[in-house]
Structures are given as structure tokens and as C-alpha cells.
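> The lines below spell out each chain.
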Amino acid sequence: MTLVLRLLSALALTFLFGASAAEAHPHVWITSTSELIYGPDGTLTGVRHAWTFDEMFAAYALQGIETKTKGAYSRDELAPLAQTNVESLKEYAYFTFAKADGKKEKFNEPVDYFLDYKDNALTLHFTLPLKTPFKAKALVLEVFDPTIFIDFKFAEKDPVKLVGAPEGCQMKFQRPNDGSASAQRLNEQTFMNGGENANYGAMFANKITVDCP
Amino acid sequence: MKSAKVLFPSLARRLMVCALVAIVVVALDGAAHDVMAQNPFGGPRPAAEPEIGGLVGWILTKQSEFYREISTALRAAKSDGSAVWSLLAISFAYGIFHAAGPGHGKAVISSYLVANQETVRRGIALSFASALMQSMVAVAIVAVCAWLLNATAKTMCGAEKAIEIGSYALIAAFGASLVWTKGGRFVRALQAPRPEPVLAAAAADGHDHHHDHGHHHHGDDHVHDAHCGHSHGPEPSELAGPGGWRRGLAAILTVGIRPCSGAILVLVFALAQGLFWAGIAATFAMGIGTAITVAVIAVVAVSAKDLARRVSEARDSNGVLIMRGIEFGAAGLVLLFGSALLLGYIAAERVTCL
Numbered sequence: 000m001t002l003v004l005r006l007l008s009a010l011a012l013t014f015l016f017g018a019s020a021a022e023a024h025p026h027v028w029i030t031s032t033s034e035l036i037y038g039p040d041g042t043l044t045g046v047r048h049a050w051t052f053d054e055m056f057a058a059y060a061l062q063g064i065e066t067k068t069k070g071a072y073s074r075d076e077l078a079p080l081a082q083t084n085v086e087s088l089k090e091y092a093y094f095t096f097a098k099a100d101g102k103k104e105k106f107n108e109p110v111d112y113f114l115d116y117k118d119n120a121l122t123l124h125f126t127l128p129l130k131t132p133f134k135a136k137a138l139v140l141e142v143f144d145p146t147i148f149i150d151f152k153f154a155e156k157d158p159v160k161l162v163g164a165p166e167g168c169q170m171k172f173q174r175p176n177d178g179s180a181s182a183q184r185l186n187e188q189t190f191m192n193g194g195e196n197a198n199y200g201a202m203f204a205n206k207i208t209v210d211c212p
Numbered sequence: 000m001k002s003a004k005v006l007f008p009s010l011a012r013r014l015m016v017c018a019l020v021a022i023v024v025v026a027l028d029g030a031a032h033d034v035m036a037q038n039p040f041g042g043p044r045p046a047a048e049p050e051i052g053g054l055v056g057w058i059l060t061k062q063s064e065f066y067r068e069i070s071t072a073l074r075a076a077k078s079d080g081s082a083v084w085s086l087l088a089i090s091f092a093y094g095i096f097h098a099a100g101p102g103h104g105k106a107v108i109s110s111y112l113v114a115n116q117e118t119v120r121r122g123i124a125l126s127f128a129s130a131l132m133q134s135m136v137a138v139a140i141v142a143v144c145a146w147l148l149n150a151t152a153k154t155m156c157g158a159e160k161a162i163e164i165g166s167y168a169l170i171a172a173f174g175a176s177l178v179w180t181k182g183g184r185f186v187r188a189l190q191a192p193r194p195e196p197v198l199a200a201a202a203a204d205g206h207d208h209h210h211d212h213g214h215h216h217h218g219d220d221h222v223h224d225a226h227c228g229h230s231h232g233p234e235p236s237e238l239a240g241p242g243g244w245r246r247g248l249a250a251i252l253t254v255g256i257r258p259c260s261g262a263i264l265v266l267v268f269a270l271a272q273g274l275f276w277a278g279i280a281a282t283f284a285m286g287i288g289t290a291i292t293v294a295v296i297a298v299v300a301v302s303a304k305d306l307a308r309r310v311s312e313a314r315d316s317n318g319v320l321i322m323r324g325i326e327f328g329a330a331g332l333v334l335l336f337g338s339a340l341l342l343g344y345i346a347a348e349r350v351t352c353l
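Protein chains in written order, with numbering that gives the first Met the number 0: chain B, 0 to 212; chain V, 0 to 353.
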């Protein structure tokens, strides 16, 4: 009886949790370039993203959009889609997570958002203003999808830029395929949540750190 | 259920069982809310996965690779017709790997098979039928929304979301109906008179061979029903009949109604490339691959139950009870699974809305 029960409970657990454990793979690929915008007083005011979608998702997103010239999409023609995009992104916290000296910081809704379509590539531009601009000795900004439905990859050239940052601020950028970084990230995450809800997707995070004097 | 006297107590018992399951679900719901509240990012659903690497990591990498190759192959097929063959091969391989992920009915089909007296052959048939339906639904959505109506992604995504919620509700309802029937059987097995311990000991005392022989002759279901004195549960032979297939249809519909996001994306992309037919072919190739993986898991589930049956048959005092318990548990699992999906605690593959 113990054998049977053990067998069956193992099976049951596999179904119930295995299903969510073997998480979906990315269906959307985004190539990002991001700018950290600083105010004249040296506070970080927001993050400006430019997210270029992969061609398959771009085809999906552009489906049914009426254009004057076939295959060419103007900013105006793409405006409703950009609106939908930023509205949908809210649910996912814009996949952008900021921490100032260990404290989580929140973003307001995006401003200055638009889509452009150039060289068969669809790019979403938007600025995420911080709820309260802040100065931090150690800023950590992560861009990732915890459910890894979207794969975020930063551009090879100039992935991250600091705009108007105070003198002496040092920026470091870590890609998710850096094994040591992700292992460390996972431990921190697990610890923070008391072992609960260990965030698998966090291992795919792009990590930007800015250290200021 | 020959008279009202028999009917009402059994109805009351079933209601009690269903109520119990409902309480458990609600309790889990509350607990999950607490967990959610602690989500540091207040972000999307928790995607708990403490371990990576190994098999899961490999599957993830493989399916990612194949998926990305699909779009390349589709593009190539535009100028070179022979590239369609590699498109089909890649789609098929993708389907095999992809079905290992969530949202392809493994849990529902396997639990359904365990809850019922199902054969391996039927398990395979159900896997293929549901995967085929998934492919057809994906093609239908894109054909109607994108091709005929030229709807925008927003509209299409709305349709997908509606279907998604509907499919979760269907899983929960399907689970509830399984719990209803299996709960009744389980309760009856609980109340069935059991052989005296002395008798069981005597039977075990060197008469195993003879005892087994008797079981083979009768079949365990028959023996069980004879014990209880009334027959509600379907005989294995009944399952092959029209009624059995109709119940199987419920499983197929439940699983098959929700297309996978990958198929939708591939189809829309194919449509944009002017190669809708190639997208349809790729979708069905994916469906066959998916069916194979689901069928393998279904066969494992059925075999595990058969093994459990054989082990439990050796102990005839509790054997029937264990089997009814297993069936009831599997039924409960479908209900739990459907409810969890519906309430958003298990993240299935996300719908393509952005």
C-alpha cells in the first residue's frame, strides 16, 4: 500500500507542479536598448526603453492594421497599437524592476510612447517615469519576464546609456547568460521570499547596476 | 439507484464529497492570495521553479531553438519550395518538445485516464484527438479572425483570452463531474463490508496462486460490484461502446479547445508572408509532435495505475478501496487543476497579448 501511495502521489505531484515547473519557453523576443534618465539635481527620474520585437511577433502585432502604403507603417497608424502595448505592459510591471540601495522603487505609467517600423523591425519606445525620483549609492535595475514568455536581450552595441548622470557614477551591465550572476541572483531571490516563490524567470534577468559616490 | 432510499443517501454523500473538495479549493485560494501578496514585484503570476538545468533546462533550450527556426524556415519557404519539408520537420520536433511544457492537456488527459478504467490504446487515441483539435482550433481562429475578418492583434488576443478562460472553466467542470462520479464510488468502497482480518490472513497463507487465478477469472470491477450489491460503475467492456466514447469526447473538447500561442503566432506570421498554407501544415506537424509526447505521458499514467492495481490486488482487504481512492484522487486533481488555472495560480502558457 505504501508503495502504491508513494507511486501515485509522485505521479500526482508531477502533474500538478510539473506542469507549471516546466514553464513555457519564450514566444516573443525583444531586443532592448535602455537609457537611464537623470534630472539636473542628479536624481534618477526614469527609464527610457526601446524594445524591438522579433519578426514573428511583429507580424502578429501588425496584423489587421490599415496602412496607406502596403508594408509601410507610420507612427500615427501605429498609435493605437502602441496604446494597447503600454496598457498591456502595466499588468507585467513593464518588466522593469528598480531597487535603490535595496529598496524597491515604483514606476508611474509610461509617457512619450510610440511605435516605429523601420527596416522590417517594429520598435516600441516608451519612458517609465519613477514615482519618486531618487538618488542612490547603489541602483539595481532589472529587465526580464518572470514567466519567460518574453525573452529580453539587450542590444550588442550600447545596450544601456546613462543620460545626465552625476559625475563619478559607474554603470555595469550583466547579461542573463552570465552563469555566476544568475546563481547569485537566484539565491538572493530565494532568500528574500523566504524560500517561497523562487523566481525562475529572475535567472533570465538583465541586470544594470549604477554605483554613485 | 433503484429506489429513492438508495438514491438520496448516495446523493447526500456525493454532495458532501463535492463540498469538501470545494472547501479545499477555496482554502488553497486564500493561501495562494497570501503568497501572491508577498510577490516582491507585484508582477505577473508566480512562476515558481526552483530548479533549472538538467532535463527541464534542456527541453527549454531545445524548444526555444526549434521555435526560432520555424520563422526562419517559413521565410525560406517563400522563395524555395523545398524548405517546406524542413519547416515541417522543425515544427514536428518543436511539437514534441513543446508539449512537455504546460497547456497541452497532459495533466487533464492523464488524470482522466487514471480516474476511469481506460486502456493504453484509448489513452493514445485521446492524446492524438485532442492535439488534432488544438491544431484545428488554432487554424480556425487565425483563418476567421486574421484572414477573413482582418482583425487586429487586439481583437484576436481578446478571442484567445476568452477561449482560454472558457477552457479552464471546462477543465474545472470536467473535473467536478469526475469528482461527482468517482466520489460516489469511493464512498461506496469505503462503506463496503471488508473481509475479516482472519480471512485475509488465511488467503495470504500460501494460497496466493489460487487466489490470483480467481481474480483473473472475474475481473476486479465485477468482484467489487458483487460486494457492494449494486452496480453503478461502468464495466470495462462498456467503455468501448458509444457512451464511453462520448465521455472521451468531453476530455478531447476540454483539452483541445485551447490552441497554443506558438501555433497562433506561426500562423499569423505565415499569413503575413503569404504562405498561410505552409503555416497550416506546420501547425498540424506541431500537433502530431505534441500528440506523441502527450500520448507517452498518458501511457505512463495508465501503466502506473495498472501497476498500482496489480499491487493492490495482492491485498484484497483494501485493494478495491485503494483503487477507488486513486480514481477519486485523479478526479480531484482535474478539478483542482482547472480551478487553479481559472483562478490564476498555475500559469499556463500565456496568451499572446502585448
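The hints are simulated quantities; they were obtained by calculation from the structure and are not laboratory data.
Being a predicted model, the structure only gives us computed values, none of them experimental.
Please note that the accuracy of each hint is not assured.
Stated by the list, open to error - Looking from chain B toward chain V, a few residues come up when the C-beta cut is under 8 Å (computed):
id: 1; residue: E54
id: 2; residue: I64
id: 3; residue: T68
id: 4; residue: A71
id: 5; residue: Y72
id: 6; residue: A154
id: 7; residue: P158
Cβ coordinates follow ideal geometry from the N, Cα and C atoms, glycine included.
> Holds or violated: is the Cβ of T68(B) closer than 8 Å to a Cβ in chain V?
The hint is violated - T68(B) has no Cβ within 8 Å of chain V, the shortest such distance being about 16 Å.
> Does the closest beta carbon of chain V sit nearer than 8 Å to the beta carbon of P158(B)?
Hint violated; P158(B) Cβ to chain V Cβ min 21 Å, cut 8 Å.
> Are I64(B) and chain V close enough, Cβ to Cβ, to be under 8 Å, as the hint says?
holds (6 Å)
> Hey, does the A154(B) contact hint survive, CB to chain V under 8 Å?
Hint on A154(B): violated, closest Cβ of chain V at ~18 Å, above 8 Å.
> Quick check on the hint: Y72(B) CB to chain V CB, less than 8 Å?
violated (12 Å)
> Would you settle whether the hint for A71(B) is holds or violated, based on the nearest Cβ-Cβ distance to chain V being less than 8 Å?
Nearest chain V Cβ about 14 Å off; hint violated.
> Would the hint on E54(B) stand, with a C-beta cut-off of 8 Å toward chain V?
holds (6 Å)
Hints 3, 4, 5, 6 and 7 from the list above are not met by this structure, while the remaining hints are.
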